[in-house]
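Since each chain comes alone in its own frame, lean on the hints to assemble the complex.
Residue numbers (this note's numbering), protein chains in the order written: chain A, 1 to 498; chain B, 1001 to 1350.
Quick caveat, the hints were computed from the structure, so don't treat them as lab data.
One or more hints might be untrue.
Simulated pairs of lysine-lysine, PhoX-like, Cα-Cα distance not exceeding 20 Å [as the list claims (entries may be wrong)]:
#1 A:K112 with B:K1225
#2 B:K1341 with B:K1286
#3 A:K24 with A:K39
#4 A:K39 with B:K1202
#5 A:K431 with A:K462
#6 B:K1202 with A:K24
#7 A:K167 with A:K212
#8 A:K35 with A:K55
#9 A:K252 with A:K208
#10 B:K1202 with A:K112
#11 B:K1225 with B:K1158
Chain A is faced by these chain B residues, among others (derived, beta-carbon under 8 Å) [as the list claims (entries may be wrong)]:
#12 K1013
#13 L1017
#14 A1022
#15 I1028
#16 P1030
#17 T1048
#18 A1057
#19 L1083
#20 V1194
#21 G1196
#22 E1217
#23 R1221
Note that the structure is a prediction, hence the values are computed from the model and not measured.
For every residue, glycine included, the Cβ atom is placed at its ideal position computed from N, Cα and C.
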Amino acid sequence: MAEERVSVGDLKVSTNGYEIAHSKSEVFYPEYERKADLKHQTHYCPGCGHGVAHKLIAEAIEDLGLQDQTILVSPVGCSVFAYYYFDVGNVQVAHGRAPAAATGLKRACPDKIVIAYQGDGDLAAIGTAEIVHAANRGEKITVFFVNNAIYGMTGGQMAPTTLVGQKSTTSPWGRRPVNEGFPLHMAELLATLEAPVYIERVALSDNKNIMKARRAVRKALEIQRAGTGFSFVEILSPCPTIWGKDPVEARKWVAEKMIPSFPLNVFRDRKVEIPTNNEPPRKTVAELVGGAKPAETSRPQHRHHFRDLGIKIAGFGGQGVLLLGQLLAETGMREGLEVSWLPSYGPEMRSGSAHCHVCLSKERIGSPLISRPNVLVAMNELSLRKFAAQVLPGGIIIYGREHLPEDLALPQVQVVCIPASEIADKLGSAKVANVVMMGALLEETECLSPATVMQVLEAKVKNPALLEIDRKALDAGRTYIDHMVAVGAVTQADGFAQ
Amino acid sequence: MRQLCKGNVAVIKGAVLAGCRAYYGYPITPASEIAEAAALYLPEVGGTFVQAESETASINMVYGAASAGVRVMTASSGPGLSLMQEGISYLAGAELPCVIVDVMRGGPGLGNIAPEQSDYFAMVKGGGHGNYRNLVVAPASVQEMAELTILAFELADKYRNPAIVLTDGFVGQMMEPLDLEYREIVAPEKSWAVKGTAETRKNMVTSIFLEPDDLEEHQRRMEAKYVRAQQAETRCEEYRTEDAELLVVGFGIVSRVLRSAVDEARRQGIKVGLFRPITLWPFPAKELTAVASRVEKLLVVELSNGQMVEDVRLTLEGRKPIEFYGRVGGNVPSVEELVAKIEENAAATV
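Here chain B stands alone, though its shape is the one from the complex (with noise of 0.2 Å):
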């Protein structure tokens, strides 16, 4: 049953069918509708909801949740994800699965509160302190903001591993149609968590390791299954790009704009196509990979000086020109601006 929804309110809809019963969260604009939608919906289905004193005591009511084995959550907009770096990087450490969403704004500071793409690096690469990864992904549509928080969920689990939702502004502020059907959605049984039980008694949870030998086995574990997890969990989206000699790359709000500028462009007659990251990392690298060897050239656009393109230009090692156009400040190009820098670039390709 289609329901008009709000990008914010439909992750808290799929963070239920996720089975997720516990939101520890602080308000920011713009995400502030998600700790609303879950204050208002986790208690109706038995859940808890607690408003906690900072982002930083949040990620930590998330690291103690996690810590029992259930699925849990959090969101916030930059600031608030500063605050929630060290936290980040706890849960990295000891290994807790859980899922953090982080509708970027404008910074850096307190910056603005319209969309931005900023936190890439932060988010993507780290932030906290230590050899860790999160595991991103990048919704572009209200739908998405439901359906990628529960394959958020599935993914933490599977890979005991923080789960970050990375999206912007304007798809947590904006309305769609979100298709939603119950289906039964079972969590894996957690052996490791702490519950208060003689089963669990010897379990601890931590990120201490003494001894040097200790931490580095401990760290080399955590490569492996991000190895796998770099393997097996890469998704992506391919519009247009099947005689594409350009290939414009954009996640999130600006996949939307590219797509019609896309569409723009090719009714011009310019063989353009777009290619979406819906994984941020691990970064569909093989996927890129394959598209980009038919194309003559790349153009990566996003709402940062120049944050994902990084990724592409290490992907292709510099096999293809690859230009970047970014917008900052909360500003968003329009269709035209980007059909404008599609025509640039396809004119530099002949």
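With the rest of the complex left out, here is chain A (with noise of 0.2 Å):
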């Protein structure tokens, strides 16, 4: 009597049983290299889910055609050699991080399919805030979450997913919430996010949810061809070696102990309109490191007897000695000097001092760290006590009040006063004392030209109003030590006691 045969899917069904025909799809290598002497074979145990969830996924890229195009992430845990069986483009990965990896692939590569596989340990425990921030970026890459409730590769120890009262090696009394917390359902807590368009999660239990698990698989990678946004399926997987059942037990156990505690379900299925809001302009890139227009350069017009300049300028935060200190550093490279500028940089914001190191040179700058400057701009009182005894014997120091504090006696040092507040309250802005200092500064050191103070201003404000009341800053400035020297409560016109 003839045999008869049906053939079943890749099954053919003989009457003497069954018969293995190793149809596969073509996006698996013909031979697996894994196992040196079982080409046929992955090393997965039987009855391990992740093979029935790498033959969905394999089927699906073979069937929309995307095996060219797509670039698998591999994670750690037992499908960390899913690069042994999917012939795509691979990429393998640290423990957790496929989603961040995935990222900086599918940005690099956005027309491509990005997929990231990561089992519970990798995706739910290590790599939490990857996922959660990937999801909650909305990338444009498909996650498939193999949730088995245990770690399978290093032995059986608790998962985060492991089901409350599950015996594991780290869990050997069962999962215990007052110890270890309630399992984690990654599906439900990404579907609280924006981003995300679908999130379904599928269970590898019996043939009928295999087949809703093969049209989620189909349906993440389609939503990813065309675009859409973030896909993510989570598949309830069996673990016959680790949770001690033979195949069909185990089977059996994902239906009747994991879907209970965690449901089937599509969480997300949506269009999610993404704004796209306040596109950056374009550049080419010689605009973009030429900066940002081209700095005219003035003919140098410092004085015959500049010499190098250590200028430290010091007051409170917002009296703008950081801006003050930027300005004389763009003047002077404008008038073809080496220049350096050094904050000093905190870590709050309010009620901080601030203080800056500009050099000035016809040199190469060595050190842009002035310990011993030659000149100090002190704002306020604080920073006059603070840095006059620096000031090298024969410097200036420009104080940014009437009178000195009568305690004080600096007989080494000439200093100007110019009460730089009072000034530019009167000029309408309390914010230009700091180009009222500068006007100071240059009339008493003649070190740079106020023309070219004045055209980096007019690169840098572009409010004319406010441009206007700098230019007077820098004039009242200048002729109030002009007019101090006039009445001869400075000794010298300008430049160093030698």
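So, in structure tokens, the structure goes:
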């Protein structure tokens, strides 16, 4: 009597029993290199869900024609070796970091298919931050999350998804929420986010659910192909070896124990409108690296007696101390000098004091840090008291108040006092006290040209009204010092005591 | 065209010029301006900036982008670099090129935000697990922040290895003229990359080699490229060393203060010169040996408790006396302080 054969999918059923036909997706390699002597076998245990999950994914990639476009990110765990099976572009990454690596890959190859395949320890424990944030950014990737409620590869330790009461080598009396907390429901957790477009939990518990899983896997990849957004499929999966069950019992355990704790559901299936606001302008590389606009280079205008200057500028935060230093450095640069500007930088904004160091030199600058300045610009008393002693003998202090404190004697240096804040207030903006100080500094040291300072200000200050106040402030600072010289309040017209 | 530019910003200008169009990072003082400049500039030239949820995620995003063969970078400071060490080990193991900037601050732990050079061991000697090296360059000026970032991209691609730009809070925060003209920089073709194409389908990026023989072979190959780098890539600068009797050695911001101190000491008649390693790995051992052979004594200055000094000692193998002076906690020695140290050590050479 002839043998009757019926073809059911890949299995050829004969009256004598089953015959394995070894037909498989083109997306799998023809031979697996993982085991040298068993090239038709995976390394997964009999009844393991990874084999089924791999098959569903490979068939979907093949059917959707995505093999040449797909990059598979393999995790750490039993599926660390996924790249031995999938004949696609493969990237193997660190434990838990697949969604971050997939982010980098997808952003580099936006029109390709990037899949992160992760287990429960990988995704729900060590990589919790990475999956949550990749999902929240709406990365246009697909994540297949294989949840078998246990650490398989390392030999059966507790997973974040281990069921309450489930024994593992690290929960030997069964998971006790009082000590280990409750199982983590990743699909539900991710469904609280705005950006994901598709989140479903499926189970490899029986043929009917496997067919549902098949549809979910396809749908997730179709969503990525369409560029719609983040897609996530959690796959409840048997681990017979670690669970200590045979494959049939293990599938039953998925149905009877896991599904009640991890209900199967489509948690998210919607098109999400992502606003594309404030698109940045485009520039050429030459424009970008060359600065915002070409700097106009002035002829060096510093006077014949210019010498290298180390200038320390200090005051309260908010007095424009750092900006004054930058204005000075930029002006020096435009006049062809070597310059450096080094700020103090602190952890908080309020009530802080700020200072910066500016070097102006004809030569290459060594230390940008000035411990002994030639010039101190002190915008408040605190700064004056703190730094006055550092000024080199014969140097200059420009103090932003009308008089020195009476108890302070500074015989070694030349001190110029100017009520910068009061002058600035009269000009209509307390903010320009630093520019008043700049005027005083220029008039006193003649280190740089006021015209170049104005050029810099014109390039930086876009508001014409503010620019006009700056101009007046610069003039007022210079005039004040000039007047003091005229009345003999300052002993030397300019420059340094030699 | 010279522009007044912050060191941290210059990093991104150099990176853009080098063809980097991908930045993944997390803010931290005193490195945050690098992320801010990347956020501002990269989209303007069609690039990608993502502020990651952590430095751990940043470095793994870098791993992903590097796998696809693009020029990619991140930046942080000490605490962030500690978190990135896992990823750096994987990048080195998978032979992925990328650039990582460490704007060093005070440590250990949260330490403070003032400059230190105490990540030398972590960056130059490794820090992550396993046998690998980082290529490490050490800028000392704003101009070098741009130029050495470009060099770091070139070295990273040439050796398929992470390259570190190791600098400190002062060099990152300070402004100086940056003279950067547009020039064409072409990254090499990366036939090994995984790009989601038919041509690259067979490619695989991985750091796992389960068979001991395979892993040994992989590491031997890595070692061979490190030897090639040691032979070809050392860079350094010498200043007034011709007739020097005392050689001071320092990198980064310290080399700037030392340069001023050398000038000042020379004015006092002390024959002192400066040796500045520009590449910290490979360490310019051959060059240092040549200079050191002409001097009586060396003085190594660092913002640490003595880290690079170990490489100086390894290089000279006891042939010359080597003194060390370090400041820590975020204190940077003044010119006067280093002149005094030079005087002290010069007196001891005679």
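These are the hints, each one checked on the structure:
no. : hint                 : result
1   : A:K112 with B:K1225  : 32 Å, violated
2   : B:K1341 with B:K1286 : 26 Å, violated
3   : A:K24 with A:K39     : 14 Å, holds
4   : A:K39 with B:K1202   : 18 Å, holds
5   : A:K431 with A:K462   : 16 Å, holds
6   : B:K1202 with A:K24   : 19 Å, holds
7   : A:K167 with A:K212   : 29 Å, violated
8   : A:K35 with A:K55     : 19 Å, holds
9   : A:K252 with A:K208   : 13 Å, holds
10  : B:K1202 with A:K112  : 15 Å, holds
11  : B:K1225 with B:K1158 : 10 Å, holds
12  : K1013                : 5 Å, holds
13  : L1017                : 5 Å, holds
14  : A1022                : 6 Å, holds
15  : I1028                : 11 Å, violated
16  : P1030                : 6 Å, holds
17  : T1048                : 5 Å, holds
18  : A1057                : 4 Å, holds
19  : L1083                : 11 Å, violated
20  : V1194                : 4 Å, holds
21  : G1196                : 3 Å, holds
22  : E1217                : 16 Å, violated
23  : R1221                : 18 Å, violated
Hint compliance for this structure: hints 1, 2, 7, 15, 19, 22 and 23 are broken, all remaining hints hold.
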